[in-house]
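Work out the full structure: start from the sequences and follow the hints.
Below, each chain spelled out in residue letters.
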Amino acid sequence: MATTETNDPLLQEITGPTPAQMLRKRVFGHQGLLIGAGVLGVLLFVAIFAPLLAPHDPYAQSLMSRMEPPVFLGGSWEHPLGTDHLGRDYLSRLIYGARVSLMIGAIAALISGVIGTAMGVAAGYFGGRVDMVVTFLINVRLAMPVVLVALAVVAILGGSLQVVIVVLGLLLWDRFAVVMRASTLQVRGREYVAAARAIGASTPRVILSEIMPNIANNLIVVVTLEMAHAILLEAALSFLGLGVQPPTPSWGLMVSEGKNMMLFEPWMVLIPGAVLFLLVLAINLMGDGLRDVTAPENRS
Amino acid sequence: MSPETSAPVLELRNVTKTYRVKQGIFGKAKPLTAVNDVSLSLPRGEVLGLVGESGCGKSTLAKILLGLETPTSGQVLIDGKEILAQDRLSLARRIQPIFQDPYSSLNPRKSIFDIVSLPLRVHGVGDPQEWDRKVREILDIVGLPARVMNTYPSQMSGGQRQRVAIARALIMKPEIVICDEPTSALDVSVQSQILNLLGDLRREFGLTYLFISHDLAVVEHLATRVAVMYLGRIVEESDVAGLFDEAGHPYTQALLKSVLTPEPGLGVPDTQLGMAYPNPIAPPSGCQFHPRCPVATDHCKRVAPRPVETARGRVECHLFDPQSPMHDAKVA
Amino acid sequence: MSKPLLSVRNLTIDIPVGSGTLHAVRGIDFDLDRGETLCIVGESGSGKSLTSLAVMGLLGNNIRRSADQLEFDGTDLTTASPRTMRALRGGRMSMIFQEPMTSLNPAYTIGDQLVEALLLHKPVGRKAARARAVELLEKVGITAAESRLSQYPHQLSGGLRQRVMIAMALMCEPELIIADEPTTALDVTIQAQILRLLYDLGREMNMAMILITHDLGVVARVADKVAVMYAGELVETGPAAEVFNTPSHPYTRGLLRCIPLPGKTERGSELGTIPGIVPSLVGDVHGCAFRTRCPYAEAACQDTIPMHGDDSHEFRCIHADGKRHAEEEVPA
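Chains as they are written, first to last, in my numbering: chain Y, 115 to 414; chain A, 44 to 375; chain P, 278 to 609.
Incorrect hints may have been included.
[Said to hold, decoys possible] Per the computed footprint, the stretches of chain A lying under chain P, defined by three or more beta-carbons under 8 angstroms from a beta-carbon of chain P, are:
no., region
1, 171-179
2, 221-232
3, 296-303
[Unchecked claim] Taking lysine to any residue pairs in the SDA-like style, the calculated list, with each CA pair at most 20 angstroms apart, reads:
no., chain 1, residue 1, chain 2, residue 2
4, A, K300, P, G540
5, P, K541, A, K106
6, A, K106, Y, A134
7, A, K153, Y, G303
8, A, K153, Y, A134
9, A, K73, Y, S316
10, A, K153, A, K106
11, A, K300, P, R473
12, P, K399, P, A364
13, A, K300, A, E96
14, A, K153, Y, G241
15, Y, K373, Y, T362
16, A, K106, Y, D402
17, P, K541, A, M192
18, A, K71, Y, M246
19, A, K106, Y, S316
20, A, K153, Y, P380
21, A, K153, A, M192
22, A, K65, Y, F250
23, A, K300, P, A462
24, P, K416, A, D313
25, A, K65, Y, F240
26, A, K300, P, D477
27, A, K153, Y, V320
28, A, K153, Y, S316
29, P, K416, A, V311
30, Y, K139, Y, D402
31, P, K541, A, E96
32, P, K404, P, E376
33, A, K71, Y, T362
34, P, K541, A, V231
35, Y, K139, P, P293
36, A, K65, Y, T249
37, P, K541, A, E306
38, Y, K139, A, P151
39, A, K153, Y, P131
Don't read these hints as lab results, they were simulated from the structure.
Computed from a prediction, not measured in an experiment: that's the story for all the values here.
Think of the CB as a built atom: it goes at the ideal place given N, C-alpha and C, for glycine as much as any other residue.
The structure is reproduced here in structure tokens:
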């Protein structure tokens, strides 16, 4: 902005960037966020278009071509990442596995997000008894070891994709509740909330239109963290044989199935492990980046 | 002032607000009386300045008037009608706030149009076309061009934001506006613009203000009546000339003394107040001001003064109570 | 005249921002003698706080400071090593900030922090340091000083915390104190007490003081010398009485007209305003920064602006007859 000789004192300032423009600028200036979003985008694309991208049926067994090595270890282009112990194409299983991981991550984060946000916002906004109850529930939940409880429930109900999703969704709301409670407490004291109440706005309106937009950035960050968390837990459960059941292609299951051959064919563990690592890293990079670019918005 | 305009538009009768404050997890809750037996009446078109140190209860009083807090006891009447008996929306139509910090009073995620039109939408007044027209109109009144409608608070300066807050408060044409330190977060050169605007709006729309401020020079300039609050009580209330020209209560005198006018060579005044504002959980006995009062006696420590009517208003101090043994000490 | 304690010539502060360079402070000069109080007055964005941080060597890493001269008692601060600066800061020059809650460490007791401030700079024992802490707490008017040492900052009121900050700044008997809005967060009654305290201590210990404030009332009452800053430049400097009685720069006059003067400004009358906003200081900044808001602006205001006045009372304006305007505009 150059110093212009103007009689309109408002002109200069109000031609400044809108919050949306500033956000866009920060997003495109944040490398971690761009890398994370890029990798996640590719994986999402792969998951959605799995049937079109996978060279083989991920369930088709071929006992004639078991444990063929990937192409960079001397295998053939017929199976670029080799085949597993039942002769199934490793690349195709990997591609379909992305669906399982992303679906579990997204739905579990959604369920726990709804539960945790409702509890946290209610606690932060209403305070008093509501807050006491929610804080108690959070503490109870934090006292439970997630993996053990998940193991026990899955062991009783039997492992399946649906059970894993629901169990994780019902277990991972604690961080949502804690973060949303703290953010709501902070925003609730702002004068624009008091102004909206003094205008006569109803409580749902105050929460949805005054409070939620101002805590959404924190919510998004927790969503990414919990997605990564859920994906890792699914892999762990599947590895222990209590998660997604064979023959469904899941990366955790693939690591588990490969572990017997780990000494002779380490790639069977390393390939799904690496993809899992990449996915979780991408999500975390994106979460970190989102936190960085959305946080300074309110300051001026 | 003609008789019909001087009927009180806002009246407080013995309003008390007590909170229960817990100290520590196992501590017993103790009562904190933020507003203590406050009675005030505010005629239409007047500006009541409310002054006092932080923690004296003036913001709690404002919240009670806005319906954001309910009094523990006592009555608040607007146009003779109890506010607790009114629903949220009809109260909101009559009384609106302007807050201190224009950086906190506007939702940063909403455009100026959204912020200013919120009252219309909440009250279900008109259609989008009318909202647009009314927002333009009120923005013009507060001195902002219509093109700010699509901008966001972060793009504006403090003074412009405060104008937006005023527009939001006035768009429903309320009768009473609670101004809670409306200029203390603003620069000097912007402060006078906002004060002028508030004065113009009052004349134009016949508004009644409750003007809360710690800046006595500003209060003197804008207010027609002034109430001084100390530890939740109104210790003195008077018309503005009476208060500033012949302050009665020693606390009011100390407050007036501490005003630093830009007059070089006068030095910094000695207010003769002890330094600490008392803890409102354990208020002093007798007259609550006695620990800081330069003229306090044993009588003040034991006996709480009663409100005494004066020619210009009311004061709560033994020195002015003809029935108090201290009445004669005033001369000394 | 002996050499001044602090001598600043052509101090310039540039801040790189996304769209270029923000010329936050542009070529300011001032001198400060021992025992003298200089008030730098200005509105937000005038660069007054940056100026004080620049003297203390506390600017952020990305901020560029340059000066033809920045000398504290013969030490050139522009070339001083970080080690020298650390020894000076808190030792021979110390700073008091606006918000005492954020500048005291909540994890340590008052006593620990006071003692630490001394032990860092002086070769004294812990016991002697404690004794000094008690002495200073008493000096700044804190009762039961001995028992306060074991208290934490959150246990004290705002006024007490600011007193502790002052005591801490005085621990090493500094020759220069820089106070940045030391009373802005406090109530008026406490403000008067703190200012009085600072003023008296400054006299008593023959300290030089730079007081940064936006409050003209504060300036008038405590300053020996006044420096009015606008948009990164000193527009007027001089002895307090002269600046207030014959304000010669249009901005100074404008500011003084913005505040209601009890007893002088007619109650309810229109206050003076300075329309417009502070211009952007990013990119090419030339001429008088105030010309966009100045009623006397002319084409020549875009060029280099000369200084007028005598040695002690100077102002930067193309109109050399600023004093005449002052007599016309400001009521005596």
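Q) Within 20 angstroms, alpha carbon to alpha carbon, are A/K71 and Y/M246? A) holds (17 angstroms)
**Q.** Distance restraint between P/K399 and P/A364, which requires alpha-carbon spacing of 20 angstroms or less
**A.** holds (10 angstroms)
Q: Starting from P/K404, check that the Cα of P/E376 is at most 20 angstroms away, please.
A: Violated. P/K404 to P/E376 sits at ~29 angstroms, over the 20 angstroms cutoff.
Q: Given the hint that P/K541 pairs with A/K106, test it: the Cα-Cα distance must not exceed 20 angstroms.
A: Answer violated: P/K541 to A/K106 is near 34 angstroms, above 20 angstroms.
Q. Does the structure keep P/K416 and A/D313 at a Cα separation of 20 angstroms or less?
A. Measuring from Cα to Cα gives roughly 16 angstroms; hence the hint holds.
(Q) With the threshold set at 20 angstroms, check whether the alpha-carbon distance from A/K153 to Y/P380 stays at or below it. (A) violated (55 angstroms)
(Q) Check the hint pairing A/K153 with Y/A134 against an upper bound of 20 angstroms on the C-alpha distance. (A) holds (11 angstroms)
Q | Per-stretch coverage check for the region 171-179 of chain A, three Cβ contacts closer than 8 angstroms to chain P | A | That given contact is violated, which follows from only 0 residues of the region 171-179 of chain A lying within Cβ reach (below 8 angstroms) of chain P.
Q: Below or equal to 20 angstroms on CA atoms is what counts here, so check A/K106 against Y/D402.
A: violated (39 angstroms)
Q) Is it true that the CA of A/K153 sits at most 20 angstroms from the CA of Y/G303? A) holds (17 angstroms)
Q. Regarding the pair A/K300 and P/D477, is the alpha-carbon distance no greater than 20 angstroms?
A. Between A/K300 and P/D477 the Cα gap is close to 18 angstroms, so the pair holds against 20 angstroms.
Q. Would the pair Y/K139 and A/P151 pass a check requiring their Cα atoms to be no farther apart than 20 angstroms?
A. holds (18 angstroms)
In the structure shown, a violation is registered for the earlier hints numbered 1, 5, 6, 9, 10, 14, 16, 17, 20, 31, 32 and 33, in ascending order.
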